[in-house]
Amino acid sequence: MRNSETSTRNPDIKDWTGKYHKRTNLQFFNDAFAALRKQDIGNRGLMTVGLVGSRDLPGHTLRMAQAMLRWDLRPSYWSHAFVVAEPVMARTSLGNLNILEIPLFPRNGQFPKPENNGVNEGTLGQYDDKTIDANVGLFAITLSEEEVKKLVKRAKAWNADRVRYNFWDMLGAWQSYLWSQGDKPNPLREGIPIAASSYIEFIFEKLGLGVTPGASSSNSAPEHLWNAACWWHKAFKEDNRKISGMFVARDPGCAMLRPNE
Amino acid sequence: MKNLWIVPGAPLSKGQGWVIWCSRKGETSFTPPDVMIRRQAAPVTFQTDWVLLPKVPGLRRRMGLLTVKLATSAPPEGAQFHLTLTANNQSQDFIWSTLPYQVGGKGVTFIFASCFWQNNDRDGYYRAGLKDLQALSNPQFKMLIGDQVYGDWPNSWDLGDDAIELYAKRYRQYWGDAFYREALQTCPNFITCDDHEYWNDFPEKQIHLPQTWDSKNRKKYGRGADELYFQFQRCLNPDQARWYTFTIDPVSFFMSDTRSERERCNEKGTSHFMSEEQWAALETWQQSLEGPGVLVLGQPLFQKDGDFRDHSLSNFRDDYARLWRVIERSLAGENAQKTPHDILVLSGDIHTGRYAEAHGPFPDAPYGVPEFIASPAAMINPGNDKPEAPPEKIKVRPNAQGRESVWRINPQNNIDIMTIQNNVGLVRIFPGNKVGGTPRIRFELELWRLPAKVIELDWDEDAPAQGTGGPLKQVFKKELLLR
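Which chain is which? The protein sequence lines are E and Z, in order. Just so you know, this note's numbering puts 195 at position 194 of the first sequence, and the rest follows in order with no gaps. Just so you know, this note's numbering puts 304 at position 305 of the second sequence, and the rest follows in order with no gaps.
Some hints could be false.
Listed below are the simulated BS3-like cross-link pairs for lysine-lysine, each with C-alpha atoms no more than 30 Å apart in a straight line [stated by the list, open to error]:
no. : chain 1 : residue 1 : chain 2 : residue 2
1   : E       : 235       : Z       : 452
2   : Z       : 105       : E       : 207
3   : E       : 207       : Z       : 452
4   : Z       : 452       : E       : 185
5   : E       : 235       : Z       : 1
6   : E       : 207       : Z       : 1
7   : E       : 150       : Z       : 13
8   : E       : 235       : Z       : 13
Some chain Z residues flagged as far from chain E (calculated, every beta-carbon gap over 12 Å) [stated by the list, open to error]:
no. : residue
9   : 23
10  : 39
11  : 81
12  : 94
13  : 122
14  : 123
15  : 134
16  : 136
17  : 271
18  : 304
19  : 324
20  : 383
21  : 385
22  : 447
23  : 471
FYI, nobody ran anything at the bench for these hints, they're computed from the structure. Cβ atoms here follow ideal geometry from the backbone N, Cα and C, with glycine treated the same way.
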């Protein structure tokens, strides 16, 4: 991990854990979209980035694997990242809000499509269960309308740079790591990114925006996105961009769900 | 922009801007693209100057150089600008840094690479690695230090082709590859050449190339190769020079050209790999060093003698000793400042990524002479099946005192890495501390294995010499504190 040389955490990333600890994730997202709109950032939700920290087996595995990316060597809050693929309007049902993502374990029950490079068209409602998805966050970067359009186009051009962003291969490496239960080396040590966050990098690269500035190797992970939001705000400010967001962390310690939980 | 090829050349000195190479199909003149520049999202004012290069019959392309000069120079540590180039209603965006002119707290980062064989990289793994490194490390420039094009391999030279047409075909294959252009576009480029810009072991004759068998033809094809080296590569350099220096205070760089002026190697060892003019420039550079020097050589300093198949610098006995004398004088403090300055050698050519140190009669130079090699960016086929080790002993005769000095490279202690996997070198430079009252500059050297397609092996298969592929990976890192 590279040091941002910033001693102050981004004041625009708000901890809503106290308020949303007992409320659902969709209630959190509903209020988060509203708060971003009030701040005049986030383009009505379009191309905002969501982070999820799950307690199921895939989530726990991914969070533990990212401990090596943190200076305190503790598990990451986050196991997954997605982008919101449509604007949030007054009549939008948040449960059905379209998101684009590359999950290790697609919640919509669809097997990942190799022709889509593993990109899954899901909905926000899949991440409503706070018992499984104990940690959630929503983050926005200052973007013009024109830039957002470019990002939407890029997000759907999943095969645009498959040599660099072969999400399908990344999923293969991580599936193997997950299923082998410690028999395989941590892919992050081998320079294999977590596909979900690599996809976010792929999208924002269209604008020349590096969203994982803390990475010192080509092993992008949700932890890098979190690190960028919290600690690299001054670097983004140099480019006249602000990062705002909010999160709820009900499970900072990465407790795995029991089978009957 | 498919119809307009764009490659950034050497950034202008003192953070003033860039030279941008543009090329279009056809032999008629053309106008440069429109330029828009922003920094931190705000528009920036600048001036441009456009020069079309002379038309070369048979090339079937025209080249031009667009000099973009910022109205206000960027700060000494360099700054990133967002350039949008537009031609024929098509735009392309680039994020390029200006050339730093002082080593400040933020440091200076650059990449160097050599030996790109396009036939083995049609999927664009070199480009993939450079783009990822650009995102990871933000290098401000890169040095392409030879064999950016293999003019002579594969050996499909048509005997009927004239020299220009022959090399033009190969350049069109390389520069016409959008992936390769993207690799060239990641950041501004300083360039020098090596043999494959001409042919293997240029200017020697090659058994597999009939065009090199007699002196008249060697001259003819050598001139053709040189003309296109100018049109595609050399024109991007400061003053379009074959060799040149630039300074990022207090570090000074000498980009040499040990190939294009080379004489055929004679058995007495008295022939030259550089012109007297270049020698004078190199010796003046050494005399004027005020901090560490970075000497870029197309071929390694540490290399065993070659033979008729491929000559090394050491085959040119007198010139080789003269090169060592330049380095020894620097280590001895024989310069205008009367202060010892270390010289880091960067090189390529040998299809081996390598870091080695030669230790000799200067015990106060803890790294002796450090040499860092990045090669290949994409291995030629057939390629090396094992790394090329340096010699264990190098004798310099006569040395600066007219005697003999001996430099040793202990294979156990003085070679940190040798790999034949495709690679590029990355160097970061930061201000260092004083050691024993002498100010030092911190050099971080990193060798990065380029990404490569993963090869699955059956149980009864052996891995190929270049390995089984994988993602971009840092395979070596070392820190030097240089005077």
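Hints versus structure:
Between residue 235 of chain E and residue 452 of chain Z the alpha-carbon distance is near 37 Å, which puts this suggested pair outside the 30 Å criterion. Proposed proximity of residue 105 of chain Z and residue 207 of chain E is supported: the alpha carbons are some 26 Å apart, at most 30 Å. Only pairs whose Cα atoms come within 30 Å are accepted, and residue 207 of chain E paired with residue 452 of chain Z is accepted, the gap being roughly 24 Å. This hinted pair checks out: residue 452 of chain Z and residue 185 of chain E have alpha carbons roughly 20 Å apart, not beyond 30 Å.
The hinted pair formed by residue 235 of chain E and residue 1 of chain Z fails the criterion: a straight-line CA distance of about 37 Å is larger than 30 Å. Distance hint between residue 207 of chain E and residue 1 of chain Z is fulfilled; the C-alpha atoms sit about 18 Å from each other, no more than 30 Å. Proposed proximity of residue 150 of chain E and residue 13 of chain Z is contradicted: the alpha carbons are some 37 Å apart, above 30 Å. A threshold of 30 Å between alpha carbons decides the hint, and for residue 235 of chain E with residue 13 of chain Z the separation of about 26 Å falls inside it, so the pair holds.
Against the 12 Å criterion, residue 23 of chain Z stays outside the reach of chain E, whose nearest CB is about 25 Å from its own CB. Look at residue 39 of chain Z: its CB is around 5 Å from the nearest CB on chain E, not clear of 12 Å, so calling it non-interface is violated. A beta-carbon of chain E is positioned within 12 Å of the beta-carbon of residue 81 of chain Z; the least distance is around 7 Å. The beta carbon of residue 94 of chain Z sits about 5 Å from the closest Cβ of chain E, which is not more than 12 Å, so the claim that it is off the interface is violated.
Consistency note on residue 122 of chain Z: stated as away from chain E, yet its beta-carbon is not over 12 Å from all of that chain's, at 5 Å minimum. Non-interface call for residue 123 of chain Z relative to chain E: violated, since the shortest CB-CB distance, roughly 5 Å, does not exceed 12 Å. At roughly 5 Å from the closest C-beta of chain E, the C-beta of residue 134 of chain Z falls inside 12 Å, breaking its exclusion from the interface. For residue 136 of chain Z, the condition that its CB be more than 12 Å from all CB atoms of chain E is violated, with the nearest at approximately 9 Å.
Residue placement check: residue 271 of chain Z keeps its beta carbon more than 12 Å from all beta carbons of chain E (closest about 43 Å). The beta carbon of residue 304 of chain Z sits about 38 Å from the closest Cβ of chain E, which is more than 12 Å, so the claim that it is off the interface holds. Look at residue 324 of chain Z: its CB is around 40 Å from the nearest CB on chain E, clear of 12 Å, so calling it non-interface holds up. The non-interface label for residue 383 of chain Z is consistent with chain E: the shortest C-beta to C-beta separation is roughly 23 Å, beyond 12 Å.
The claim that residue 385 of chain Z is not at the interface with chain E holds, since no C-beta of that chain comes within 12 Å of its own (minimum 24 Å). A cut-off of 12 Å between C-beta atoms contradicts the statement that residue 447 of chain Z is not in contact with chain E; the least separation is 9 Å. Distance check for residue 471 of chain Z against chain E: the nearest CB is about 5 Å away, which does not clear 12 Å, and the non-interface claim fails.
In the structure shown, a violation is registered for the earlier hints numbered 1, 5, 7, 10, 11, 12, 13, 14, 15, 16, 22 and 23, in ascending order.
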